[in-house]
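Chemist: The residues making up each chain are set out below.
Protein chains: 2
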Amino acid sequence: MRLHNYFRSSTSTRLRIALNLKGLDYDYVGYPLLERAHKDPAFVARNPAGLVPVLELQDGTHLSQSLAIIEYLDETHPSPPLLPDDALGRARVRALAQLVACDIHPLNNLRVLQYLERELGQDQAGKTRWFRHWVAEAFAPLEEMLASSRDTGVFCHRDTPGLADICLYAQVWNNRRFDVDMTAYPTISAIFERLDQIDAFARAAPPRQPDATGA
Amino acid sequence: MRLHNYFRSSTSTRLRIALNLKGLDYDYVGYPLLERAHKDPAFVARNPAGLVPVLELQDGTHLSQSLAIIEYLDETHPSPPLLPDDALGRARVRALAQLVACDIHPLNNLRVLQYLERELGQDQAGKTRWFRHWVAEAFAPLEEMLASSRDTGVFCHRDTPGLADICLYAQVWNNRRFDVDMTAYPTISAIFERLDQIDAFARAAPPRQPDATGA
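Note that the protein sequences, when read in sequence, are chains A and B. Positions 1 to 215 (the numbering used here) are the ones given, in order, by the first sequence. Positions 1001 to 1215 (the numbering used here) are the ones given, in order, by the second sequence.
Next up, chain A with everything else stripped away, as it sits in the complex:
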């Protein structure tokens, strides 16, 4: 398999974690998004949306959308499972994951921050305010949902890392770029620290990728 991705893209981080947890080897292909490498015809042929990550299977099939790909990996490589074995548990884990994947990340990714700058004249302070606003709008309820549920264990759902943890871990890394104050989120922070002790997560972190730069 080949992973077409970018070190700092949090959707790419999610997929790297899932591949690591499943013990699947992959070739890493990095796309410098700031140079618009993902808008290159060669990449757009892989994903018409021009968005990383894309997972290229052995037979040349290209899969897009990180959550859809992770569910595919979970179905085709069931061990270890990334979702609980009961429908209500799966609904909870998917909802926690989507609170990050639908209500934070789409608002805060590169293309949106570029629109804010180019079209709406926002400077770095305006972009930082925007980023932190949408994180807070979802991290406050995420913290409450995790802190108040008996289903929360060592990780987001009981004691096995799964889909919600994958999204949480990638988002906390993303937050660091905008110095998000995490003091209001002790449960999220504690789960992040535990995940960071797991090799499959730590190896997927942005600074450890081959295309990582300080920029």
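Think about it this way: if two alpha-carbon atoms lie no more than 30 Å apart in a straight line, the pair counts; the simulated DSS-like pairs of lysine-lysine are:
id : chain 1 : residue 1 : chain 2 : residue 2
1  : A       : LYS127    : B       : LYS1127
2  : B       : LYS1039   : B       : LYS1127
3  : A       : LYS39     : A       : LYS127
4  : B       : LYS1039   : A       : LYS127
5  : A       : LYS39     : B       : LYS1127
Counterexamples of contact, computed for chain A against chain B with all Cβ distances above 12 Å:
id : residue
6  : ALA42
7  : ASP159
8  : ILE198
9  : GLN209
10 : ALA212
Which bits of chain B does chain A cover? Going by a derived footprint, with three or more residues having C-beta under 8 Å, they are:
id : region
11 : 1051-1065
12 : 1071-1081
It should be emphasised that the hints constitute simulated quantities derived from the structure, not laboratory data. We put the CB at the ideal spot given by N, CA and C, even for glycine.
Using the hints provided, position chain B relative to the given structure of chain A.
Modeler: Below, chain B alone, put in the same frame as chain A:
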């Protein structure tokens, strides 16, 4: 079951379609979002994120995040299925659904348009430009993915309406509020027209809900 929702919310429309397709009865509870009814303590107790829709089960469990809820309904009420029976087919349908659910809707919902107005001083023209921009960014590749795939049939995936159709139908309704020009999307438009002939879809449309207003 009780559906806590709002007639014009496209995530609510998705859930109404899924419930209709599954033949499940539900009590409709409408929340006038413009009056911030979803920020009321009674609603926030149901969903700390303060976002519709929420599905309340018989036992009082509250489920949030429309895609997570639809997967729950599909698992607990398998007939008719909303996802294909093969892993690659499911990956394709989930990716098409998420192209709408992650890459359009989160950017264009009420809370974001309100932020643009209140915090960034955007007028109606600025909000309309924003809305149309993100629709175009995702509808262009969605059109291409649908038009170019042999897996596209009468509906998004073969000839059975499913999760991707649910997201497509709800988004096209949403587009109408901002007069999105659909001429560049003939495949999407044709699928929408076919879906609109299905009672489970048409009954879920915003204007046919009990809390619908012209506002």
